[in-house]
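With chain R fixed as given, assemble chains Y, V and P onto it according to the hints.
4 protein chains.
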Amino acid sequence: MIVMKTDATQEQIARVIKEIRRYGLRADVSKGAYRTVIGLVGDERKIPFDHFAVLPGVKEAVRIETPYKLISKEYSKFVEELSERMIVRVGNIRIGGDEPIFIAGPCAVESKEQLFKIAEGVKKAGAHILRGGIFKARSSVHSFQGLGAGGREEAEEALEWLREAGKEFELPVVTEIRGEAQVDLVAEYVDILQIGARNMYDQDLLTKVAKKDKPVLFKRHFGAGVEEFLSFAEYIAAEGNKDIILCERGIVPVGKGRSYTRYTLDLASVPAIQKETYLPILVDPSHSTGRRDLIFNMSCAAIAAGASGLMIEVHYNPAEALVDGQQMITPDELKDVIDACQRINKLIMPGRNES
Amino acid sequence: MIVMKTDATQEQIARVIKEIRRYGLRADVSKGAYRTVIGLVGDERKIPFDHFAVLPGVKEAVRIETPYKLISKEYSKFVEELSERMIVRVGNIRIGGDEPIFIAGPCAVESKEQLFKIAEGVKKAGAHILRGGIFKARSSVHSFQGLGAGGREEAEEALEWLREAGKEFELPVVTEIRGEAQVDLVAEYVDILQIGARNMYDQDLLTKVAKKDKPVLFKRHFGAGVEEFLSFAEYIAAEGNKDIILCERGIVPVGKGRSYTRYTLDLASVPAIQKETYLPILVDPSHSTGRRDLIFNMSCAAIAAGASGLMIEVHYNPAEALVDGQQMITPDELKDVIDACQRINKLIMPGRNES
Amino acid sequence: MIVMKTDATQEQIARVIKEIRRYGLRADVSKGAYRTVIGLVGDERKIPFDHFAVLPGVKEAVRIETPYKLISKEYSKFVEELSERMIVRVGNIRIGGDEPIFIAGPCAVESKEQLFKIAEGVKKAGAHILRGGIFKARSSVHSFQGLGAGGREEAEEALEWLREAGKEFELPVVTEIRGEAQVDLVAEYVDILQIGARNMYDQDLLTKVAKKDKPVLFKRHFGAGVEEFLSFAEYIAAEGNKDIILCERGIVPVGKGRSYTRYTLDLASVPAIQKETYLPILVDPSHSTGRRDLIFNMSCAAIAAGASGLMIEVHYNPAEALVDGQQMITPDELKDVIDACQRINKLIMPGRNES
Amino acid sequence: MIVMKTDATQEQIARVIKEIRRYGLRADVSKGAYRTVIGLVGDERKIPFDHFAVLPGVKEAVRIETPYKLISKEYSKFVEELSERMIVRVGNIRIGGDEPIFIAGPCAVESKEQLFKIAEGVKKAGAHILRGGIFKARSSVHSFQGLGAGGREEAEEALEWLREAGKEFELPVVTEIRGEAQVDLVAEYVDILQIGARNMYDQDLLTKVAKKDKPVLFKRHFGAGVEEFLSFAEYIAAEGNKDIILCERGIVPVGKGRSYTRYTLDLASVPAIQKETYLPILVDPSHSTGRRDLIFNMSCAAIAAGASGLMIEVHYNPAEALVDGQQMITPDELKDVIDACQRINKLIMPGRNES
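Which chain is which? The protein sequence lines are R, Y, V and P, in order. Per numbering that gives the first Met the number 0, residue 0 is the first one in the first sequence, and the count goes up by one each step. Per numbering that gives the first Met the number 0, residue 0 is the first one in the second sequence, and the count goes up by one each step. Per numbering that gives the first Met the number 0, residue 0 is the first one in the third sequence, and the count goes up by one each step. Per numbering that gives the first Met the number 0, residue 0 is the first one in the fourth sequence, and the count goes up by one each step.
Treat the hints loosely; a few may be bogus.
Since the list gives no way to pick out one identical chain from another, each pair is judged satisfied if it fits inside one copy or across any two copies.
[What the hints assert, rightly or not] Using 25 Å as the maximum straight-line C-alpha spacing, the simulated SDA-like pairs for lysine to any residue come out as follows: (1) K76 to R137; (2) K345 to D335; (3) K274 to A60; (4) K45 to A318; (5) K45 to P317.
Hints were generated in silico from the structure; no laboratory data involved.
Only chain R is shown next, with the shape it has when bound in the complex (with noise of 0.2 Å):
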């Protein structure tokens, strides 16, 4: 990165940014009030770090070591619109403050009843932002792949009842994306863009969401470290696109004999990813452990492990839905779990700001 002095000019900083392209590299230009800082999208040992240190305007030539710089937190030092710990903004929600944000609704969108019947009980709930998937990443082909396989018209009707239900029910509401196809119709409707776990590796999928200008919800894959998680957020950070909401929603279970829950929610990986980079992170109690009977549990658990909030799926009536019933709590159950929720992180709160 390429920290310009306080009273750097417009053609020292223009100057730096030609350098950056004469060398194969782009440039992630930062303007704050007080200087600019200029990232590197491409490889940094191309560049002779002591040349631009002495280019007119700059200050320092910063090199970062690990595979995601523009999202880690020595980069946010020096950027003033990154803070320490970034919030994300979606209308007057603050994803990664002082409060834990609750995103809840259905697995898959399948009426307008129903959606409208979840959203009217996470509302009451207390959830701040609504769920509700179109386009369903499924295992099988033979599976229902969401209301959004339906051709163009399904979509955008079920994208309607989402973003209605959004306005009835005051929730800013998020939907995952899944093919390049799908990203302009989407990105009309909603205000969070969701790249699910299997997508993550998708980098097409994601330079295209990033350039759409909204937040984008991004889950980490069930087959990936959490260095190669954080160096697939810079695919979209790389894009100029900041407000990432990173989600663990758990990895493949490892070990002989069976593990009782679907995937191994990696709630360690919360904290440790707070440690690298300024972005904040969400859990998904419910993919992760597909069970009804441990949400509770490891809700409150991912919010005392500092958590940013939770994303969870709510059905009035779990045994009706069509997709994963067998991981979805009530409304009334909802109230519970951000009841318990907000008391501990008002508890927690205090150790987490020092740590």
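Here is chains Y, V and P on its own, set in the frame of chain R:
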């Protein structure tokens, strides 16, 4: 699946298809000289098999229990064009036949000279198909992403080289498609469309690629079990494209302490998969081990395990390669690998056919 | 299991036991004030349950499907002394009750001074039980193996310090037993016998330790699924010793790229295990994370997940420790952990009891 | 390691050993016809290598960086009796030489008749060593634990059968030792002492077995990386016993969905391990796949990968076996395996020696 009688009429077949759609499923129709078999795409549980069994012209209505149905051995027993061991044909190359097939070439296409020099080398060494990456899937946005990252013109130029090299050295060519936006373009230039490990879960990409009616080289994700790998291959088959070439390339290493290989090559998956599906399966010893000094041994082992061929990265000067130099072998070394593999193949063919 | 009638006679019980042995199994007899229950050790499939159901004095003959039977919730429903949530008592410490229990101390005992200084510190911080390794399980024969490696005399001296420190600061003590030759010796000196993760699969050691009739702290192997963990705890129970304290300490990290923690702490296993067995379960945030700076968060998370307590490594000067200094916290930091955990425990107790 | 000069005197060697002990380490002395090499057991960092290098009679003082030093290729370069590829001799069987060695027999010894019938079968099929489990390591206390579980007399009877069968059919014999209490007994009866996968981490057992001065067959734990596997083999070497035969038998499957094999056979570990150590390595296709129908293919693959031999479970009637029947092959099938493997071995020997 619905197996029609040999004397079933066109109307009877049409009626069965119509009924299938009425239940919200799609039909995968295989018309043989002898009889027609209709596979089901969608949730079989919605289908009253008893009802279908007594429709006019129907011989049998058979449930297939695995999540992959259209690529299962069970399905191939009823479908004439699919023998127990299907051959995927590319020009006059037969993948899945008695001779192992060798796909070789550079990890990434870097220049016309580099490509042609390597193409010449692998042809002389005895390879059957030329590979060369143009759109590279990389863990870091800061790494070289292939010539395809330079924009459409550069991508087309590189694709053009690949096509020319294929013609010049009489080698069908294959390259990876990483995103939906590349499908149309790449399909114009190459003989086989590759889905890389990182995109295995990208069902929208799979569906789009499948429609191109060209053979698809489909690599296993490093976090996927065998069942999941086959379940996603089914996404391709469900579009009517059964020319799928599977490829094992290693899974994430597990265990405390270093593993000394980049991934764990799961060679037992080769015969295990051959018991489940009629599709041919190759092995990639380059990415799986990440070590040039293990390629010879693991290539021999893969063929001995029953693989239908190998995909190997080759460079005339590995130290010069922009990507993955530490795992490339030279054309001369490739020749030794091919010779040893062909001799091993001859030895094990009898035992292989019995099993 | 064979449930006897409340008025079953001694002869009737004896006959059932004799019959069980005749089929080549062993009997695990629980005589309650109210009734006697006889568990089966061995292959249940050899037993004609119908035959047993009609023996005089028998109320019910019940098959338990899981591989762990004597530690299952199902078993505890019939056995008076085992409540749904069993309390393991050590002096007047109750593990598995309403209050979380904290086991703390140095990784390895290094000297009398070191041990006493740390013992004093953890007592002041509010810990309930003192730990200290004398026979260390190490990955390398070239690493410090604990004072126990110095021969019987040195081992006894260190064990003597541990016993004295326990008395001086009124803390029951626990240490790890690594081999069969240590069982008799260690059992003379300590209150709880620990089986470390590396020895989880060592069934001969388990059997020998179980016979000592002291509580056993039993840690999960880092390559074991939950089912396997419980199946090996059953080896201890099969010797008639149900005073088993389970401990989750992380499994091998999976996923490409670095994980940033030494192991993956599987916190969801805590409530999942509590649905399967009546045994209490603790969490070890020290070995699982391997990082001092994550102990506070993961301790809070473990208690929020429902753990009955924690096992934490403490040193007054972590930088000086001969083993694992990078994961130790100071007594002052332990105090903060205990305070936060106790407050979280109070918050979640109501929800926990319901679940 | 300290390499002595060829003309070093006994006193000079004694002084070096004394110095090593003074620093708290142990010495592993290899006296060759030509020169003496002294390996170090313990923390090398405590040793002032500069000081040792100038002691009288010392030629070189060499640091070895890996956690396994005494079994490393580096060590063997200086020690005369250890060639680059060490041969472990058992009678006139040479493990690690030019011919692959086949260890075969029943999973568990069930009766004298069963053992003799199988021994006769495997001898005719061409096997070199007879295996038979008497103390079985089992995941469930409720499963058959081998005849050794019946008490000392039954164990001795079964061991006696094994010894007799070995004599009758001229096959050295190997059986597993599961606990320290079995070491003395078993060592009286068998030619090779086996440490099973579940006991790989049991360092006290390793140490005790090593002292018996018999070859040790050492299996990799299913949760261990290669580095950890070798680090524990070093525990055996540190007792002065270098007659260690390594055995790869599969690691825990990873990945979503079923894997279709019991474990993941890590064949690439075979050549990778051969680059690190001079010890021979075998492969067990029986436990790793858990499937009779994969044994032929994976045996061929293992030899092609460079393994020095195989360990295969055999039963004349697999359906009758008390343990693991689904993975056993018949003596006739074993013959086919051995024939194919020997032919493959001949083919690859030249390439193998070069690499």
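| query | Checked against the structure, which of the hints given earlier come out wrong? | reply | 1
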